[in-house]
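> Note that the protein sequences, when read in sequence, are chains A and B. Heads up, the first sequence is in the numbering used here, so the first residue is 29 and it goes up one at a time. Heads up, the second sequence is in the numbering used here, so the first residue is 29 and it goes up one at a time.
Treat the hints as calculated values from the structure; they're not laboratory data. Heads up, a few of these hints could be off.
List of simulated lysine to aspartate or glutamate pairs, DMTMM-like, C-alpha gap at most 20 Å [stated by the list, open to error]: (1) A:K127 with B:E85; (2) A:K47 with A:D59; (3) B:K127 with A:E132; (4) B:K65 with B:E39; (5) A:K47 with B:E76; (6) A:K127 with A:E192; (7) A:K75 with A:E149; (8) B:K47 with A:D59; (9) A:K47 with B:E132; (10) B:K47 with A:E76; (11) B:K75 with B:E132; (12) B:K33 with B:E85; (13) B:K127 with B:E149.
Protein chains: 2
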Amino acid sequence: MTGPKARIRREAARLWAAKGYHATGVQELADATGLGKGALYHHIGSKEQLLFEISVEGVAVLIAGAEEVLAMPIPAAERLRLLSRRLMRNISDDLAEWKVFFHEVNTLTGANRRTVLELRERYEGQWCRLLDEGARSGELRPADRIAVKGILGMHNYSYLWLREGGRLDPEELADVFVDLLLGGLALDLPIDR
Amino acid sequence: MTGPKARIRREAARLWAAKGYHATGVQELADATGLGKGALYHHIGSKEQLLFEISVEGVAVLIAGAEEVLAMPIPAAERLRLLSRRLMRNISDDLAEWKVFFHEVNTLTGANRRTVLELRERYEGQWCRLLDEGARSGELRPADRIAVKGILGMHNYSYLWLREGGRLDPEELADVFVDLLLGGLALDLPIDR
């Protein structure tokens, strides 16, 4: 997405990530984008609408990517790796947007909030679906829904520690996570436990 | 910790978790605690000092608990389980405090910020130490520092989805995570990979 709306979203995410949504006035956003307050409102409708669009866009991209990965005719473990890599790449590329998302999603009200939470559910459901398929085909151990929340948390929490120019790129970080998740830490457990 | 300071911290965490640190005035906190603004400042020093104390207390409790667990003469996998259970119990009991911590830690300035980040490093270091010990003793696979960040993220991210009265108590959630982390998801990997 390009044009003034994309630029407004990017500036809003940057400002809100730095100062918080509530503490940032629309005037600051007008200044940052070089638009007058009137022109800004013309583009965004309202501050909450802008927060809503930033939130929806992030999750929608993840869902579309996951749908592609899930449909690939490759082993479940490989699809898990691709899901993980795409998520880490997405968080890393849109760090400000994700920080805003995680911090402000409950600021959204009514139908906006419900829509975004349903999209999050749908994305989590895609991970569940992959793990269920892997379990049914005998490739993976069955995983509780809580395990899926843990796996997503492992990825999502990186919004707090990811830094530009880190030692590993997002795909390499994903590989560390997936190797850990697939292989496990224990060396002395019976295989059939 | 009890007394007015504990009550002020609890109220501040509750208010800041709900509305954000920047968006909550000291007057609101004075109202919520039933203290006058003067008495409130007498107890807290400043708003940042209060944020600092809430942040330090949370991590300090985790560090002390982890030190106990690390010293126990039991297998690394069992100590990992205890670390995990204590962390999930702590996050669950102090959900508002942890939300404030994760969202506002970078609001802290100067020496306050450095102190809190050093304490977080120290806590992360305790998890690294346990995993290193387990790897040296042949109990666990060696884990990258990034894997430790992932393991902590798996736990910490729960501040966004934990709900009172959930299906599983914090210790049971921890057990799901630890079983996943120890055993791994893959059923078809060679053991000695």
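> Each hint: holds or not?
Quick rundown of the hints versus the structure:
Annotation: proposed proximity of A:K127 to B:E85 is violated, straight-line Cα distance about 24 Å (limit 20 Å). Of the pairs offered as hints, the one joining A:K47 and A:D59 holds, with about 15 Å between alpha carbons and a cut-off of 20 Å not exceeded. Restraint check for B:K127 and A:E132: the C-alpha separation of about 12 Å stays at or below 20 Å, so the hint holds. Note on B:K65 and B:E39: the hinted pairing holds, with a Cα-Cα distance of about 14 Å set against a maximum of 20 Å.
Restraint check for A:K47 and B:E76: the C-alpha separation of about 15 Å stays at or below 20 Å, so the hint holds. Among the hinted pairs, A:K127 with A:E192 is consistent with the structure: their alpha-carbon atoms are about 15 Å apart, no more than 20 Å. For the proposed pair A:K75 and A:E149, the alpha carbon gap of about 24 Å is over 20 Å, so the pair is violated. Straight-line distance between C-alpha atoms of B:K47 and A:D59 comes to about 25 Å, which puts the hinted pair past the 20 Å bound.
Proximity of A:K47 to B:E132 is assessed by CA-CA distance (about 10 Å); at most 20 Å being required, the pair is judged to hold. Our distance criterion of 20 Å between C-alpha atoms is met by B:K47 and A:E76, whose separation comes to about 15 Å. For the proposed pair B:K75 and B:E132, the alpha carbon gap of about 12 Å is at most 20 Å, so the pair holds. Between B:K33 and B:E85 the CA atoms are separated by roughly 12 Å; this keeps the pair inside 20 Å, and the hint holds.
Proposed proximity of B:K127 and B:E149 is supported: the alpha carbons are some 18 Å apart, at most 20 Å.
The structure fails to meet hints 1, 7, 8 from the earlier list, while all remaining hints are met.
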